[in-house]
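Undergrad: Below, each chain spelled out in residue letters.
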Amino acid sequence: MWGLGARGPDRGLLLALALGGLARAGGVEVEPGGAHGESGGFQVVTFEWAHVQDPYVIALWILVASLAKIGFHLSHKVTSVVPESALLIVLGLVLGGIVWAADHIASFTLTPTVFFFYLLPPIVLDAGYFMPNRLFFGNLGTILLYAVVGTVWNAATTGLSLYGVFLSGLMGDLQIGLLDFLLFGSLMAAVDPVAVLAVFEEVHVNEVLFIIVFGESLLNDAVTVVLYNVFESFVALGGDNVTGVDCVKGIVSFFVVSLGGTLVGVVFAFLLSLVTRFTKHVRIIEPGFVFIISYLSYLTSEMLSLSAILAITFCGICCQKYVKANISEQSATTVRYTMKMLASSAETIIFMFLGISAVNPFIWTWNTAFVLLTLVFISVYRAIGVVLQTWLLNRYRMVQLEPIDQVVLSYGGLRGAVAFALVVLLDGDKVKEKNLFVSTTIIVVFFTVIFQGLTIKPLVQWLKVKRSEHREPRLNEKLHGRAFDHILSAIEDISGQIGHNYLRDKWSHFDRKFLSRVLMRRSAQKSRDRILNVFHELNLKDAISYVAEGERRGSLAFIRSPSTDNVVNVDFTPRSSTVEASVSYLLRENVSAVCLDMQSLEQRRRSIRDAEDMVTHHTLQQYLYKPRQEYKHLYSRHELTPTEDEKQDREIFHRTMRKRLESFKSTKLGLNQNKKAAKLYKRERAQKRRNSSIPNGKLPMESPAQNFTIKEKDLELSDTEEPPNYDEEMSGGIEFLASVTKDTASDSPAGDTGSDTPLTGRSSPRHGPPTAAAAVPEKPQIPARLQRPRAPSPASPTPAPAQNSESAAPAPAEPPEGEPGAGPAPGAGPERRGLPSAHARSAAARRVHSRRSFQRPRARRRPALLKLASLPPSCHAPPHALEQEETPL
Amino acid sequence: MGSRSSHAAVIPDGDSIRRETGFSQASLLRLHHRFRALDRNKKGYLSRMDLQQIGALAVNPLGDRIIESFFPDGQRVDFPGFVRVLAHFRPVEDEDTETQDPKKPEPLNSRRNKLHYAFQLYDLDRDGKISRHEMLQVLRLMVGVQVTEEQLENIADRTVQEADEDGDGAVSFVEFTKSLEKMDVEQKMSIRILK
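Residue numbers (my numbering), protein chains in the order written: chain Z, 3 to 891; chain X, 8 to 202.
Derived from the structure by calculation, the hints contain no laboratory data.
Do not take every clue at face value.
To be verified - Keeping only pairs whose Cα atoms sit at most 20 Å apart, straight-line, the calculated EDC-like set for lysine to aspartate or glutamate is: (1) Z/K661 / X/D132; (2) X/K49 / X/D85; (3) Z/K480 / X/D46; (4) X/K195 / Z/E209; (5) X/K195 / Z/E404; (6) Z/K661 / X/E156; (7) Z/K661 / X/D85; (8) Z/K480 / X/E160; (9) Z/K480 / X/E182; (10) Z/K480 / X/E188; (11) X/K195 / Z/D495; (12) X/K189 / Z/E479; (13) Z/K480 / X/D191; (14) Z/K466 / Z/D407; (15) Z/K342 / Z/E331; (16) X/K195 / Z/D487; (17) Z/K432 / Z/E234; (18) Z/K480 / X/E169; (19) Z/K508 / X/D46; (20) X/K189 / Z/D487; (21) X/K136 / Z/E479; (22) X/K195 / Z/E479; (23) Z/K480 / X/D164.
Stated by the list, open to error - Computed, partial: chain Z to chain X, Cβ under 7 Å: (24) W155; (25) E331; (26) N478; (27) E479; (28) L481; (29) H482; (30) F486; (31) H488; (32) A492; (33) S497; (34) Y627; (35) I654; (36) T658.
Quick reminder that beta carbons are idealized off the backbone N, C-alpha and C, glycines included.
The shape of chain Z in the complex, shown without the other chains:
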């Protein structure tokens, strides 16, 4: 089990001594006090070090490592230059030195068992679970080439070159054969996932490059395992006994190991997703399943001698979508944090123990030529391999790997703890020069992690530097520069940079049709329907404030007052508080802006104008939306997704949708008058009833709650065929929008029966506007809602429609006889030209409508109508009067 510290009580104790100064009295009982000091009797307190030794030591080590981490981050300067992994190794060396100085026995080393069973799995699982899937699979070909061909190339060239040099006699006399060299080459060949991540996380390279290095380091495990096993058994067999059949078997075993490992991972991912589907009533242990089942996948494939890293990686990759959808939000947070914590601690411990393990004179055998040549060969061959493979790849890749990328790729080939653990695993009887291999590996690991880790960041920065002109960007540059970023990312999306490939389409189809149905909760399948959710929320919010506003003013006419004709930007939420907040924020900003920009301020002429400029700059800096490239986050072992980006996304999304709705609304205004009149009439009736509900003392405040239940129903009805894939959701929602216009366009003129369907939702009094808004999929109501409060006539309950529409003329962009499609309204044309799918959807939507309108409490309409009739006219007169005043005719 835990190899550390398990070698006798006194050594473990020593650690305790070195760390905290526990009494050096292992096993000696400590008498608590004079009064109870009778010997031989029952002892109240005993000191049993031996009893707790192992776990105690482990806990202490973890604590030390974590404390060290805190220490490192106290100084930003240090951590920004030196990678944490390097610092940890140095710390390990120091601690190891202390222990050695005290005891002269190296008792704590990183044993392969501990490493492979306890430290590596959390790190790899974390990598898989948070893998940016799309990017990963988009670059899978490249990654595989680097992982397989690259690793084999590294192993072969390094081994053979070393053998060649050995034959030349430069290394002196060693008990070593060709196979030993190849074995050494194969364990040195693999780029290490732990080291690569630790370093690359701090170097911000572009996402494609990152995923290639990262993916390579994860996937090359299969190759490493196979090469290692093959050569180890060859060495055991003895060079002469290796036949061609064995070589073929080796190649076959590569496929078995890699594909088998992947398969195990996928199977366990399936299991895991399935299990989390049914954890509704045991929420508290939900997160546990994620860890246990993925760990089992690791152990299973280890048991079958398949690639365990591949298994757990693919388990993470495959389950992430379903698990995230299935488990509750709290559980998801727990999983995220726990995973990050485990991975982060494991990484910390690994590097620290790498340092500690190096302090052990018994493992050191020095051979200058061997060590130096190994270093040279792995760097040189890595570079050559990268250049060759990239040359090949660039002929097929859409996104080319530029020379700078190649430098980073070659330089990023860090070796790490995997190599160390493998070399320690070697059997000293069969591999005669095991100690030489171990020391060389340690040197190589330290060199790559510390030296390359230190220099890669300056290197990347240096390579990218083109001009170092330092100049305060002008306002225009700032604004337009940011606009360019947005434009660029939009164009990328339109041109489809990663491309819609056939396989992905097929897969998402399959996933939607079968996998998601099996592996996701029904509720989860629905809630993935993001666009509808946002729509719903947006409209609900609007509706609430709309009603509140209406109450405040006593009418709903404010909606069409000229100042708010650009409803796009009207924020319905209570304005006063936000204004206040931002004002005070601005004040604070003011101060900090002056402080921050003090220097540049001095350089300029001091004037009020400049100060104002500064504020402007600062505001822009602060609040300009970030382009996608800047915030899009990939994978980070130490950080969790910041929520700000989501907030920004939501904000923009809301705006966009509101704007699009708006344009649909204006489209609708451009339709023909009959329809409008009919609508107007209905709307007005609805509004009357609504108004009447306010004097009734039943404030619509209660409505939202009711609406939620209705919405649930809506979703249930409308969603069944909604695709879970985000892009599709989007389109689903938008097609819905399209169907809105179509819907209203087609059924309104038909008169009562036709237009009644979309209107029923609105007509129940209590549900007033919120209902209209809450019924999200039922888009027809949204545009309607926006223009509802048009020109009501005060007295007559059944006004003449035609007159009314005449008097309500000031609608924007209204052609007198707007033929469908001929109107100038933007966005009107395309959807009316008939998209079959939109048609189909709108049909579906209508079905939903009608079904829903049956479910909705129709009965309430009548009482409301009765109420309306029974009310004295004075009750609803005032609102109308007000409305008339405010309506600019």
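We have chain Z already, so just place chain X on it with the hints.
TA: Same frame as chain Z, now just chain X:
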């Protein structure tokens, strides 16, 4: 979704499009692919709806403006028009400048054209000037809700003033170009994959 006709589908007028836009054959094929994938109903052209379906555009503050830019006149954009807009973002290559034929029209991906593309996103009424109002509208799109309308107006004023040289209270294209002359537009407005 997902259905696609044979790869060898000929792009109508492929050669002339290539000459005009400077795209390579491979890029053009890929874009044609993309075009057909976006065209959901196999209409042979794209409507605004088709582009609005792209999810990421909904969270792009300028998304709708950019969609609009694909439809300079009318409700549809065919493949040549689609590619023509994208051609603005082709990286500037050395050979472009070397083989510059003075008689030939400027390539679409020239600095001037890149800037002009951006300019017309701002210039909604197409009078060749970005008025204060137009600037304000763009700002509104691009700045978070925390910023008050007053601040926005202030910023818009300043931005216009900063670039406005002839004092007409609006930014002409020349002024726009000038205000950005120090910026590496060629690099900022290019996408690596569009070769």
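Undergrad: Keeping to a limit of 20 Å between CA atoms, is the pair of X/K49 and X/D85 held or broken?
TA: holds, 12 Å
Undergrad: Does the nearest C-beta of chain X fall within a distance shorter than 7 Å of the C-beta of Z/Y627?
TA: holds, 5 Å
Undergrad: Holds or violated: is the Cβ of Z/H482 closer than 7 Å to a Cβ in chain X?
TA: With a closest approach of 6 Å, the Z/H482 hint holds.
Undergrad: Are Z/L481 and chain X close enough, Cβ to Cβ, to be under 7 Å, as the hint says?
TA: holds, 6 Å
Undergrad: Does Z/E331 pass the interface check with chain X, least Cβ-Cβ distance below 7 Å?
TA: violated, 21 Å
Undergrad: So if I understand the rule, the pair passes when the alpha-carbon distance is 20 Å or less; does Z/K508 with X/D46 pass?
TA: holds, 18 Å
Undergrad: Quickly compare the C-alpha distance for X/K195 and Z/E479 to 20 Å and report which way the hint goes.
TA: Judged against 20 Å, a Cα distance of about 12 Å means the pair holds.
Undergrad: Quick one, are Z/K466 and Z/D407 close enough, alpha carbons at most 20 Å?
TA: Measuring from Cα to Cα gives roughly 10 Å; hence the hint holds.
Undergrad: Hey, Z/K480 versus X/D191, does the alpha-carbon distance stay inside 20 Å?
TA: Holds, at roughly 13 Å.
Undergrad: For the hint on Z/H488, just tell me whether its beta-carbon gets within less than 7 Å of chain X.
TA: It holds, given that the least Cβ distance between Z/H488 and chain X is near 5 Å, below 7 Å.
Undergrad: Is it true that the CA of X/K195 sits at most 20 Å from the CA of Z/E404?
TA: holds, 17 Å
Undergrad: Quick one, are X/K136 and Z/E479 close enough, alpha carbons at most 20 Å?
TA: holds, 17 Å
Of the numbered hints given earlier, the model fails hints 3, 7, 24, 25; all others are met.
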